[in-house]
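Novice: Here is what each chain is made of, one letter per residue.
Protein chains: 2
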Amino acid sequence: MDEERWQGPMRELADRSGVSVASIKYYLREGLLEPGTATGVTSARYDERHVERLRLIRVLREVGDVPVARIAGVVRAVQDRDLSLNEVLCTAHDALGPEPPADAGDARAGARREVLEHLRAAGWNISDGAPALDALAGALLGVRSLIDPAIGPAIFDRHLTSAFELASFELDSISAERGRDSAVRQIIVGTIVFEEALVALRRLAEQHHSRRRFAVQDQSGEQAAR
Amino acid sequence: MDEERWQGPMRELADRSGVSVASIKYYLREGLLEPGTATGVTSARYDERHVERLRLIRVLREVGDVPVARIAGVVRAVQDRDLSLNEVLCTAHDALGPEPPADAGDARAGARREVLEHLRAAGWNISDGAPALDALAGALLGVRSLIDPAIGPAIFDRHLTSAFELASFELDSISAERGRDSAVRQIIVGTIVFEEALVALRRLAEQHHSRRRFAVQDQSGEQAAR
Chain A
0 MDEERWQGPM
10 RELADRSGVS
20 VASIKYYLRE
30 GLLEPGTATG
40 VTSARYDERH
50 VERLRLIRVL
60 REVGDVPVAR
70 IAGVVRAVQD
80 RDLSLNEVLC
90 TAHDALGPEP
100 PADAGDARAG
110 ARREVLEHLR
120 AAGWNISDGA
130 PALDALAGAL
140 LGVRSLIDPA
150 IGPAIFDRHL
160 TSAFELASFE
170 LDSISAERGR
180 DSAVRQIIVG
190 TIVFEEALVA
200 LRRLAEQHHS
210 RRRFAVQDQS
220 GEQAAR
Chain B
0 MDEERWQGPM
10 RELADRSGVS
20 VASIKYYLRE
30 GLLEPGTATG
40 VTSARYDERH
50 VERLRLIRVL
60 REVGDVPVAR
70 IAGVVRAVQD
80 RDLSLNEVLC
90 TAHDALGPEP
100 PADAGDARAG
110 ARREVLEHLR
120 AAGWNISDGA
130 PALDALAGAL
140 LGVRSLIDPA
150 IGPAIFDRHL
160 TSAFELASFE
170 LDSISAERGR
180 DSAVRQIIVG
190 TIVFEEALVA
200 LRRLAEQHHS
210 RRRFAVQDQS
220 GEQAAR
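Residue numbers (numbering that gives the first Met the number 0), protein chains in the order written: chain A, 0 to 225; chain B, 0 to 225.
Keep in mind that a hint or two might mislead.
Over the 12 angstroms line for every Cβ pair with chain A, so calculated as not near, a few chain B residues [to be verified]:
id: 1; residue: E33
id: 2; residue: R54
id: 3; residue: H158
From the structure, some residues in chain B lie toward chain A, with a derived Cβ separation under 8 angstroms [as the list claims (entries may be wrong)]:
id: 4; residue: V62
id: 5; residue: L170
id: 6; residue: F193
id: 7; residue: L197
Simulated from the structure, these hints should not be mistaken for lab results.
Glycine included, each C-beta is placed from N, C-alpha and C at the ideal position.
Assemble the whole structure, with the sequences as input and the hints as a guide.
Specialist: Following this line, the structure appears as structure tokens:
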């Protein structure tokens with residue numbers, strides 16, 4: 000392919016990757032991007048691998064909102080061919096954060112145990128160190144605090160079922176047959192880009208359903224027909 | 000109910016709401032919380048409405064990660080009885096952000112039009128000013144940049160269907176019959192807390208499916224049976 004053969008100076012690299020020269024220099028300094036091949040005292044030649052790396056960094060930054068400090072971990076995982084695809088996926092999840100709260104407290108630790116037990120009872124094979132368990136525990140505490148302290152993890156069962164089916168569909172579409180690089184790219188797309196898409200689509204769907212129901216309801220006192 | 004009748008000093012308010020005295024003072028200064036009834040030169044009495052407000056602020060902060068500056072907008076929307084429930088929902092979405100990127104550029108504007116047209120063709124009744132459209136356009140550009148520039152918005156159709164069904168289920172569970180305050184609380188739970196729960200559940204489900212597939216595959220060279 001033409002793309003595989005491209006080589007050129009930093010300015011062309013910026014054009015091809017959509018990343019500014021200033022940002023490229025910053026990523027070089029931070030070690031997120033390997034140096035090009037020196038062609039003079041102050042110039043270097045870059046190739047298609049640099050373009051791919053920059054596209055990955057850009058998606059992590061712009062779509063996943065991942066801080067530069069955490070991008071380094073993802074980049075290392077992508078490069079380290081000794082890591083299993085499962086480990087790459089876990090690294091991407093960790094990079095997305097957020098950090099579990101330092102002052103977790105008893106209530107959160109209890110809620111965390113409850114959601115973990117609930118998921119395991121549903122047959123989910125998950126690590127008890129997963130950061131997403133903290134987020135789910137926080138969500139459960141939020142529902143309890145705003146609606147009813149007696150609510151249990153089953154409140155999320157509808158979302159649990161959808162999440163299970165979506166994740167299965169996403170993982171099915173990752174083919175290891177086309178090589179590790181392709182599979183790793185698809186894992187990043189799956190974990191980070193599809194998450195953003197799902198969140199955005201859910202908000203837009205809420206807007207659609209809300210307009211149909213509340214907009215009419217507020218005017219006429221009756222709920223709109225679905 | 001007992002809860003409706005509670006009145007007490009700031010220290011008790013802190014205990015009941017789970018918000019520290021320092022944070023309560025901060026929210027009072029920022030106008031997120033209305034002052035209590037003065038009982039002396041430096042003391043005041045608070046009531047159950049203060050507890051409820053603090054619980055709402057806490058969920059926005061801790062679960063939704065909403066910046067204090069944006070919480071004010073949600074608090075105003077919750078209080079303003081002239082706003083329709085649909086407007087409350089839109090305010091909550093806006094508070095969750097993120098801000099659309101300032102340097103949007105032609106590519107993003109084009110992707111934004113594409114996803115809007117795709118959703119409208121699917122029958123979604125959504126405003127073309129919705130911030131989630133920018134996020135969805137960013138996700139589409141991310142897939143194109145990492146996988147294939149020819150990919151269209153239909154790549155998200157599976158997620159679109161799930162999001163549509165989940166949002167319908169969530170909105171169904173919001174009952175306007177128990178009064179506006181209850182409905183507004185449920186909207187906040189629906190928009191913010193269930194979003195966090197869905198994201199966390201999807202990551203955990205990815206971990207489950209990934210372990211079943213990649214972990215075994217990487218050791219034996221064969222894919223685990225589903």
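Novice: Work down the list of hints and note, for each, if the structure agrees.
Specialist: Right, here's what the structure says about each hint:
1. Against chain A, the non-interface label of E33 of chain B holds: every CB pair exceeds 12 angstroms, the least being about 19 angstroms.
2. With a least beta-carbon separation of about 5 angstroms from chain A, R54 of chain B fails to lie farther than 12 angstroms from that chain, contradicting its non-interface assignment.
3. Not every C-beta of chain A lies more than 12 angstroms from that of H158 of chain B, the closest at about 5 angstroms, which undercuts listing it as non-interface.
4. At about 4 angstroms, the closest approach between the beta carbon of V62 of chain B and any beta carbon in chain A falls short of 8 angstroms, and the interface hint on this residue holds.
5. Taking 8 angstroms as the C-beta cut-off, the interface hint given for L170 of chain B holds, the closest approach to chain A being about 4 angstroms.
6. Evaluation of the F193 of chain B hint against chain A yields a held restraint, the C-beta minimum of about 6 angstroms falling below 8 angstroms.
7. Because the closest C-beta pair between L197 of chain B and chain A is about 5 angstroms apart, less than 8 angstroms, the hint holds.
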